[in-house]
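Residue numbers (my numbering), protein chains in the order written: chain Y, -1 to 592; chain F, 2 to 163; chain R, 283 to 879.
One or more of the hints may lead you astray.
Simulated pairs of lysine-lysine, DSSO-like, Cα-Cα distance not exceeding 27 Å [to be verified]:
hint, chain 1, residue 1, chain 2, residue 2
1, R, Lys870, Y, Lys56
2, F, Lys105, R, Lys756
3, R, Lys870, F, Lys158
4, R, Lys465, Y, Lys13
5, R, Lys863, R, Lys852
To spell it out: a stretch of chain R is covered by chain F in this simulated footprint if at least three of its residues, at any positions, have a beta carbon under 8 Å from a beta carbon of chain F; those stretches are [as the list claims (entries may be wrong)]:
hint, stretch
6, 388 to 395
7, 480 to 489
8, 600 to 606
9, 641 to 653
10, 708 to 715
11, 818 to 825
The calculated label-pair distances, taken between Cβ atoms and stated as ranges, are [to be verified]:
hint, chain 1, residue 1, chain 2, residue 2, range
12, R, Asp302, F, Lys105, 24 to 34 Å
13, F, Asp118, R, Asp302, 50 to 60 Å
14, Y, Gly128, R, Met822, 22 to 32 Å
15, R, Glu431, F, Gln23, 37 to 47 Å
16, R, Lys544, Y, Leu471, 50 to 60 Å
17, Y, Leu292, F, Gln23, 30 to 40 Å
18, Y, Gly128, R, Arg419, 53 to 63 Å
19, R, Lys586, Y, Cys101, 30 to 40 Å
20, R, Asn617, Y, Leu83, 49 to 59 Å
21, R, Lys430, Y, Arg58, 42 to 52 Å
22, Y, Met175, R, Lys430, 51 to 61 Å
Don't read these hints as lab results, they were simulated from the structure.
Heads up, the beta-carbon is just placed ideally off N, CA and C, and yes, glycines get one too.
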Amino acid sequence: MIKITIDHKPIEVEKGTTVLKAAQQAGIHIPTLCYMHLEDLNIEHKPGGCRICVVEVKGRKNLAPACATECLDGMEINTHTIRVLNARKTVMELILSDHPTDCLVCAKSGNCDLQSMAHQLGIRKIHFEGEQSTYREDTSPSIIRDMDKCIMCRRCETMCNNFQTVGALSAVNRGFMAVVAPAFEQNLDHSVCTYCGQCVAVCPTGALTEVDHTNSVIRALADPTKTVIVQTAPAVRAALGEEFGLEAGTLVTGKLVSALRQLGFDYVFDTDWAADLTIMEEGTELLDRLARHLNGDKTVALPILTSCCPAWVKFFEHQFPDMIDIPSSARSPQQMFGAIAKTYFADKIKVDRKNLVVVSIMPCLAKKYECSREELGHDGNPDVDFSISTRELANLIKQSNIDFTALPDQDFDNPLGESTGAAVIFGTTGGVIEAAVRTAYELHTKKKLPKIDFHELRGLDGIRQATIDFDGLPINIGIAHGLGNARKLLEDIKAGKSKFHAIEIMACPGGCIGGGGQPLHHGNSKVIKARHEAIYKEDALKPIRKSHENPYITKIYEEFLGKPMSEKSHHLLHTIYFDRSKKNVIISDEHQAD
Amino acid sequence: MSSIKIQLKQSQIDKIAEICKQFNNDEGELINVLHKTQHTFGYLPAEVQEVIARELKIPVAKVYGVVTFYSFFSMLPKGKNPISICMGTACYVRGAEKVLDELKKELNIKVGETTPDGKFSLSCLRCVGACGLAPVLMIGEKTYGRVSPEGIKDILKEYENQ
Amino acid sequence: MMKYKMHVLVCGGTGCKSSDSDMIAHNLRTAIDQKGLTEEVQVVMSGCFGFCEKGPIVKILPDNTFYVHVTPSDTTEIVEEHLVKGRRVERLLYKDPQRDEIISDSKHMGFYKKQVRIALRNCGFIDPESINEAIARDAYQALGKVLKEMTPQQVAEEIKKSGLRGRGGAGFPTGLKWEIASKSPGPEKYVVCNADEGDPGAFMDRSILEGDPHSVLEAMAICGYCIGASNGLIYIRAEYPLAIERLKIAINQAREYGLLGKNIFGTDFSFDIELKYGAGAFVCGEETALIHSMEGQRGEPTFKPPFPAVAGYKMKPTNVNNVETYANIPVIIMNGAEWFASYGTEKSKGTKVFALAGKINNVGLIEVPMGTKLKDVIYDIGGGIKGNKKFKAVQIGGPSGGFLTEKHLETEIDYESLTAAGSMMGSGGMIVMDDSDCMVAMAKFYLDFTVEESCGKCSPCRIGNKRLNEILEKIAQGKGTIEDLELLRNLGNVIKDTSLCMLGGSSPNPVLSTLDHFYDEYLAHVKDHKCPAGQCKALMQYIILPENCVGCTACARNCPVNAITGERKKPHVIDQAICIKCGACVEKCKFNAVVVQ
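Work out the full structure: start from the sequences and follow the hints.
This is the structure:
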């Protein structure tokens, strides 16, 4: 332990503590902008670039960035001398002098770290005028990049490269024109971007935002010729409340259903129902591959990898094209839902698929891109028409004058609304594989599970593993969340070192609960942890907790699909993957003219 | 950074791969690889960077990030006779800016551009270390010292038939 | 070098090479051959003599005759007159501009008299492409000494005792740096030489590498022994082809002689050196940025600690020094720390190399003991201001240095005094300005540079310098206000106070020091909308003096925008609202009637 004083308060801290953390211990909140520490996910980003957190250290010539400076014994630190305040404000004014001041109409308004910092520092005038760095706006299927608003905190670069190892973004150019961009400053859709949206999730300004589909949804709802149905992903119910001031981890399933109904959706369904369906297909595929593998069929590749996450799918299509036969061919629950809605359900209510609009509420931005994949539709009519994020839904609810917290709890509609606990846990890391194990175990052993909860599969460590005893047959399970962690498991498979039979992969930290479309965590990873716990709470409360016991799932196989992996299932519920690694550089004309 | 679009021949792709291999396809050698590739191709178009990224197994965004960081690397082909004018302090205080203005006027291009006939390109550099000769400009490998705005026409004339 | 009676040294530095010194050497050899003197006279292409203003330079030994501004056509005369007949070629000798006398021996020239050459000891004396000549002047003896007689700790102690401080800018004690690196645990360590000299107007590192590459290689090996490293890396600007070439030759020769490579001098110490190329980024002079660049990354600095001595190249302990620092090492080992420390001031020992340039008679590379007065450098060594104009300021330390004025001429140059005066040692650029140089324009020139070279990682440097530059531009345009001057000062101080690395930490110096020393000049721009030095174009006015104008109409006919009117044979006038200040009228007027105000 070493002794220091901060703002005349003597405290003791452990060796290696930064000034920022030491100040927190002393109850002093030093403002930060570029710094980000997602403690529970082991992600720390401290480039020391924004210089907002500077403090005065006695005996030091210049000011020290609190985020990166380690405490030394006897250090005397002052966090709010006039020198510090002047420097901090001046630096803030500099940042604002190179930032558009269109806050009133910015997508991030009210939720912007830069805006709150300007407020906190009491900026009333920007003393500097001059050139602003401007860039071409980039719109992709999921993400809008308006780099005029970039403040070079480089959080997105860290998420994209260090955590996700996607490498779509890099700092480019230097000096005043330095900015974070894809290669050749082309649009994201020409890059290896997976649309995981983690860049958006950490962006402190309006530089990175989602493509907003709320207006399309409003128009569809207002169109009398359309029947509009909605599905909502498991992770949404564990996070939406945050947008309305509820504590992180508050489950709002019933209010969510009420709100959607009040918004005017004709049917309010649950993606969870499709998650149960996914388990039937994916679980069966797993058992099938396993059985053939155990019987010595060399053409069968193991491990089987989950395929629910569209960012993960795009990741392996770009980065591991020689392994596209390994992941399960099962579509994601969003797309299974869409395919069933536009066939089975459309028939049931006698509506032409062209007049049936399927909207999904997702914690995810990659889901927007997934909707646009050609193979996931029929004759140019997508199976899911619009995917909006948890944040967009919150916005829609606010626009529609709904007092969310006062809403009564309601239930989903049927037949696509009933789900099990197994489906709920799809929303967090380890959940898909636990759900699959619950079903596969019983299908394989023909015995009831002695216990439903597989605690060995849960947690927030980036890579986890467990061996589940399938009544004498040990099944090795691997779990990764974060594409960087996924990469490690894939490299092992490539090198022939993997001992797993099945691996679950989710692109986002914590799984879908930490998705790019969720309410912003503002660097507080406790939020993600709370959502994680809420998901398991919902599971525990469910009367049915295994997918194969969902009566509506049984029913659809009886009425429509036949059995898992049937021809009809293959057609509607499975998909194919593409090698996206050999894309050539395309430079648009307008870029050439630069 | 502005760039142009090109189509690489297989032999060129092989050449880049060979350069990468000389540096053991080590990503830490990226800058040396870029130097050598630019030396071979004259510049570093996007397609070339794609090949380098693939060979070194690093994201192409990273390669581009490095290329745009260093002023020595260019994504545009230089003119047949690249003119670099020293903008070091010694040359500046002895009138390099006026020489530059004259060059811009005479060639009708800006710094960083190439004349439409591809004959000359214009760039600035920081101190060639010939401060005794200030102001200094270089055309290709040849250095011209104590240059005056009036002398520019004569210097350019030397390259009339090249 | 002993078997020849005479040596003809031809400067092979970049400056002289640009003026055909290769051809001079070639012609000399041919002429000597024709006279049958090949056995008696050797022509050596040496490193830089430093006196670049007078290049190309040819020096004849043993009589030390110093020929200046030599051209390839002068060579026959030199051979026939001097080498054959023993008569000096008067017209090629140096003439002291102040005393108007001819000086033939370089030792007596003002430019050399007050210099003490330690780092540059071999530059201009040896053929840098010959290891034998270097060895004849004691190269690699110091390496032999440390390997056979000294422990690594003793080496660090000796360097510490010498008081040598980093010559790259910050002036960190070199011995202490080595000691920290030597104490960092680990089998894999690196010795790095920073040769990415990026200052506009500085070429000392280049001259050392071009003139005496072995001194640097030897010093790096000594450092390797001291800190326990077997790998050396020289990070060199790709724009220095000659230095690169000579380093490659030197490294190969040293390997051939067993002075680099395995088991040097038969000991179990092994050390080798490879080159890494910079690619044009000034910020890479900052050691963490340099290391990232060597690792194939963008050359962005990172926060220290960890210092490179603990976690540097490939996260291994790394010692980074610049060329000049290393060049001092072998002589310190050979002559002892006390000898080195006998030069200089209390806290700054030894000598410092400066690249003297600008409005000064003797442009060139000089080396003076620390503590030499500024005025001695400018007037005695530099030979005073060009064209007998008035000295206005000297800017020291590269683009981030500050301006010193007449009142600082008595300052004794060392790290502390320069910093105290608002400038810094930097890497040693020294640019002299006269009264035709506008201080606002000069500050802006440096800011242009830092704006272009800022890496963009931290906001004060990325945006702050840009804003400083914009405010300066506004002032140069005559649109500045008094408030702008205060804004400049506050912003400059905040950038210095908050930037991530020393590039931003010092970039406002040119602005702040000119504000301090030339506030009136700023005021003139802001209040009177005048540029006293007559350099800021927007504030200039071309006017016609009626008393000189004869009404010849030449100006009016040549004005591209028809701003000049007047009747024939009567004084003309320029309409300031139309005038674009192209200067065509001044050129055309034969009667000195058009003047700039």
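Cross-check of the supplied hints:
1. With a C-alpha separation of about 64 Å, the suggested pairing of Lys870(R) with Lys56(Y) is violated against the 27 Å cut-off.
2. Taken as a hint, the Lys105(F) and Lys756(R) pair is honoured in the structure, with Cα atoms around 24 Å apart against an allowance of 27 Å.
3. The suggested pairing of Lys870(R) with Lys158(F) holds, with an alpha-carbon distance near 24 Å, which does not exceed 27 Å.
4. Restraint check: the Cα-Cα separation between Lys465(R) and Lys13(Y) comes to about 20 Å, which is no more than 27 Å; the hinted pair holds.
5. Restraint check for Lys863(R) and Lys852(R): the C-alpha separation of about 22 Å stays at or below 27 Å, so the hint holds.
6. For the stretch 388 to 395 of chain R, the assignment as covered by chain F is violated, since 0 residues bring a beta-carbon within under 8 Å of that chain's beta-carbons and 3 are needed.
7. Here's how the stretch 480 to 489 of chain R fares: 8 of its residues keep a CB closer than 8 Å to some CB of chain F, so the rule of at least three is met and the hint holds.
8. Remark: the stretch 600 to 606 of chain R is not confirmed as covered by chain F, as 0 of its residues place a Cβ nearer than 8 Å to a Cβ of that chain, below the required three.
9. Counting residues of the stretch 641 to 653 of chain R whose beta carbon lies closer than 8 Å to any beta carbon of chain F gives 3, which meets the minimum of three for the stated coverage.
10. Coverage of the stretch 708 to 715 of chain R by chain F holds [criterion: at least 3 residues with CB-CB distance below 8 Å; count 3].
11. Taking a C-beta to C-beta cut-off of 8 Å, the stretch 818 to 825 of chain R contributes 0 residues in contact with chain F, too few for the three needed, and the coverage statement is violated.
12. For the pair Asp302(R) and Lys105(F), the supplied restraint of 24 to 34 Å holds, since their beta-carbon distance comes to about 28 Å.
13. Taking the beta carbon of each, Asp118(F) and Asp302(R) are about 30 Å apart, not inside 50 to 60 Å as hinted.
14. The hinted window of 22 to 32 Å between Gly128(Y) and Met822(R) holds, with their beta carbons roughly 24 Å apart.
15. For the hinted restraint 37 to 47 Å between Glu431(R) and Gln23(F), the CB-CB distance of approximately 41 Å keeps it satisfied.
16. A C-beta distance of roughly 58 Å is found between Lys544(R) and Leu471(Y), which places it inside the suggested range of 50 to 60 Å.
17. Our hint of 30 to 40 Å for Leu292(Y) and Gln23(F) is violated, since their Cβ atoms are close to 48 Å apart.
18. For the pair Gly128(Y) and Arg419(R), the beta carbons lie near 55 Å from each other, so the given range of 53 to 63 Å is met.
19. At about 36 Å, the beta-carbon gap between Lys586(R) and Cys101(Y) stays in the expected band of 30 to 40 Å.
20. Between Asn617(R) and Leu83(Y) the CB atoms are about 53 Å apart, so this pair conforms to the stated range of 49 to 59 Å.
21. At about 43 Å, the beta-carbon gap between Lys430(R) and Arg58(Y) stays in the expected band of 42 to 52 Å.
22. The hinted window of 51 to 61 Å between Met175(Y) and Lys430(R) holds, with their beta carbons roughly 55 Å apart.
In this structure, the earlier hints numbered 1, 6, 8, 11, 13 and 17 are contradicted, and the remaining ones agree with it.
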